[in-house]
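Student: Sequence:
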Amino acid sequence: MPQRHSKNNNDLAFFTYDEKKKLGYGTQKERLGKDSIKPFDACSLCLKPVIDPLSCQKGHVFCKECILECLLAQKKDIQRKLAAHAAQHKQEKEEEEEKLMLQKARDLDAFDQQNHGAVPQYNDKNFNRDKNGFHGANSVKATSYEEEALRTMKAFWLPSATPEAPAKVEAPSTDTICPEGKEKLRMKTLFPIYLTEDTCEQKKSSSLDKSYICPSCKVTLTNTLSLVALSSCGHVFCKKCAEKFMAVDKVCLVCNKPCKERSLVKLEKGGTGFAGHGDHLEATDFKHLGSGSGLGLVRPATKT
Numbered sequence: 001m002p003q004r005h006s007k008n009n010n011d012l013a014f015f016t017y018d019e020k021k022k023l024g025y026g027t028q029k030e031r032l033g034k035d036s037i038k039p040f041d042a043c044s045l046c047l048k049p050v051i052d053p054l055s056c057q058k059g060h061v062f063c064k065e066c067i068l069e070c071l072l073a074q075k076k077d078i079q080r081k082l083a084a085h086a087a088q089h090k091q092e093k094e095e096e097e098e099k100l101m102l103q104k105a106r107d108l109d110a111f112d113q114q115n116h117g118a119v120p121q122y123n124d125k126n127f128n129r130d131k132n133g134f135h136g137a138n139s140v141k142a143t144s145y146e147e148e149a150l151r152t153m154k155a156f157w158l159p160s161a162t163p164e165a166p167a168k169v170e171a172p173s174t175d176t177i178c179p180e181g182k183e184k185l186r187m188k189t190l191f192p193i194y195l196t197e198d199t200c201e202q203k204k205s206s207s208l209d210k211s212y213i214c215p216s217c218k219v220t221l222t223n224t225l226s227l228v229a230l231s232s233c234g235h236v237f238c239k240k241c242a243e244k245f246m247a248v249d250k251v252c253l254v255c256n257k258p259c260k261e262r263s264l265v266k267l268e269k270g271g272t273g274f275a276g277h278g279d280h281l282e283a284t285d286f287k288h289l290g291s292g293s294g295l296g297l298v299r300p301a302t303k304t
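Residues in the sequence shown are numbered consecutively from 1, following our numbering.
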């Protein structure tokens with residue numbers, strides 16, 4: 001009889017280490033490539049090269065058409081929510097008025113029955129109850145309330161009589177937000193940015209994609225560099241030139257327009273929602289075995 005090896009041992013009630021390894025048990029890691037990272041000159045909404053780029057005060061870059069459509073859609077959604085909230089408020093007010101009117105009508109009816117339509121009460125103990133077994137005028141009021149309670153009773157076991165909880169519409173915020181940074185964003189806070197295109201003949205003939213350079217040091221702009229845009233004029237520089245010249249001279253190196261230190265806006269780059277820019281460019285998945293099924297269930301790995 002051949003010797004049983006751990007790799008061929010499949011009659012156990014649990015999985016061996018080799019079997020778990022073949023099923024992909026544990027944390028799986030994969031290095032993300034260039035295709036998973038958003039370029040610095042790509043729109044944060046359509047993820048395509050920017051056309052008439054606009055930037056917010058937090059440095060998120062968008063196409064002009066994309067961000068205008070986004071803000072317009074947000075405003076329409078806000079108007080819809082405001083209309084729904086106003087309609088709900090009006091309905092609640094009408095229901096409250098209707099309840100007050102019904103309550104007044106019940107009180108008047110009860111008062112009228114007590115004074116005119118009540119069953120006479122007798123002092124004799126043998127005649128102190130009517131045919132229904134209730135006391136005089138109070139009997140009319142009690143029976144009417146009981147009938148209404150039976151009529152409006154909600155039976156949770158019957159689909160037709162199941163009580164419904166009305167969905168309340170909360171008062172929406174009237175501020176539009178940045179789709180990337182989730183902070184308040186207005187159209188007047190956006191400013192256009194201007195990237196300096198590299199006009200070198202060799203690079204232009206060898207590459208179909210546009211490449212941009214820093215207008216000061218002529219270094220090609222990539223995702224590895226930190227970029228700074230001037231909100232006053234929109235020109236984009238590398239961070240070194242911005243801190244070395246413009247932060248000191250308070251003047252743009254391209255158009256000589258005065259600028260302040262708060263006008264220096266660091267442009268965001270990288271992350272697309274699947275990958276982020278930084279030191280941790282690695283996707284991880286954790287696979288664990290389902291209890292009793294023998295199949296692997298995949299779930300996102302917890303962040304460390």
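Heads up, a few of these hints could be off.
The calculated lysine-lysine pairs, modelled on DSS-like cross-linking and capped at a C-alpha distance of 25 Å, are [what the hints assert, rightly or not]:
| hint | residue 1 | residue 2 |
| --- | --- | --- |
| 1 | 182 | 64 |
| 2 | 168 | 64 |
| 3 | 266 | 218 |
| 4 | 58 | 168 |
| 5 | 210 | 239 |
| 6 | 48 | 81 |
| 7 | 218 | 182 |
| 8 | 75 | 64 |
| 9 | 64 | 76 |
| 10 | 218 | 239 |
| 11 | 210 | 240 |
| 12 | 266 | 210 |
| 13 | 210 | 75 |
| 14 | 239 | 250 |
| 15 | 81 | 266 |
| 16 | 76 | 182 |
| 17 | 182 | 48 |
| 18 | 218 | 257 |
| 19 | 257 | 81 |
| 20 | 240 | 188 |
| 21 | 210 | 81 |
| 22 | 99 | 168 |
| 23 | 75 | 250 |
| 24 | 266 | 48 |
| 25 | 188 | 99 |
| 26 | 218 | 188 |
Here are the computed distance ranges between Cβ atoms for each label pair [stated by the list, open to error]:
| hint | residue 1 | residue 2 | range |
| --- | --- | --- | --- |
| 27 | 27 | 83 | 19 to 25 Å |
| 28 | 169 | 282 | 50 to 56 Å |
| 29 | 254 | 167 | 30 to 36 Å |
| 30 | 82 | 244 | 25 to 31 Å |
| 31 | 114 | 169 | 39 to 45 Å |
| 32 | 188 | 83 | 23 to 29 Å |
| 33 | 106 | 188 | 53 to 59 Å |
| 34 | 28 | 211 | 34 to 40 Å |
| 35 | 23 | 232 | 57 to 63 Å |
| 36 | 27 | 232 | 27 to 33 Å |
| 37 | 188 | 243 | 24 to 30 Å |
I should point out that these hints are in silico values taken from the structure, not numbers from a laboratory. Note that the Cβ used here is the ideal one computed from N, Cα and C, for glycine as well.
Student: Against this structure, judge whether each hint is valid.
Tutor: Going through the hints against the structure:
1. 182 - 64: Holds, because 18 Å separates the two Cα atoms, which is no more than 25 Å.
2. 168 - 64: Violated, because 36 Å separates the two Cα atoms, which is more than 25 Å.
3. 266 - 218: Answer holds: residue 266 to residue 218 is near 19 Å, not above 25 Å.
4. 58 - 168: 34 Å, violated
5. 210 - 239: 21 Å, holds
6. 48 - 81: Outside the cut-off at roughly 31 Å; violated.
7. 218 - 182: Since the Cα atoms of residue 218 and residue 182 sit roughly 34 Å apart, the hinted pair is violated (cutoff 25 Å).
8. 75 - 64: 17 Å, holds
9. 64 - 76: 18 Å, holds
10. 218 - 239: Holds, because 13 Å separates the two Cα atoms, which is no more than 25 Å.
11. 210 - 240: Cα-Cα ~23 Å, so holds.
12. 266 - 210: 21 Å, holds
13. 210 - 75: Not satisfied, since the Cα-Cα distance of roughly 35 Å exceeds 25 Å.
14. 239 - 250: Judged against 25 Å, a Cα distance of about 15 Å means the pair holds.
15. 81 - 266: Violated, because 35 Å separates the two Cα atoms, which is more than 25 Å.
16. 76 - 182: 18 Å, holds
17. 182 - 48: 21 Å, holds
18. 218 - 257: Holds, at roughly 20 Å.
19. 257 - 81: 43 Å, violated
20. 240 - 188: 29 Å, violated
21. 210 - 81: Violated - the C-alpha atoms of residue 81 and residue 210 are around 43 Å apart, more than 25 Å.
22. 99 - 168: 19 Å, holds
23. 75 - 250: Roughly 37 Å between the alpha carbons, so the hint for residue 75 and residue 250 is violated.
24. 266 - 48: Roughly 20 Å between the alpha carbons, so the hint for residue 266 and residue 48 holds.
25. 188 - 99: 48 Å, violated
26. 218 - 188: 31 Å, violated
27. 27 - 83: 19 to 25 Å: Roughly 49 Å apart at Cβ, these two residues miss the hinted range, so it is violated.
28. 169 - 282: 50 to 56 Å: 43 Å, violated
29. 254 - 167: 30 to 36 Å: For residue 167 against residue 254, whose Cβ atoms are near 55 Å apart, the range 30 to 36 Å is violated.
30. 82 - 244: 25 to 31 Å: 49 Å, violated
31. 114 - 169: 39 to 45 Å: Given a distance of about 43 Å, which is inside 39 to 45 Å, the answer is holds.
32. 188 - 83: 23 to 29 Å: Hint holds: Cβ distance 26 Å, inside 23 to 29 Å.
33. 106 - 188: 53 to 59 Å: 57 Å, holds
34. 28 - 211: 34 to 40 Å: Hint holds: Cβ distance 36 Å, inside 34 to 40 Å.
35. 23 - 232: 57 to 63 Å: 59 Å, holds
36. 27 - 232: 27 to 33 Å: Given about 48 Å between the Cβ atoms, the range is violated.
37. 188 - 243: 24 to 30 Å: This hint holds: roughly 28 Å between Cβ atoms.
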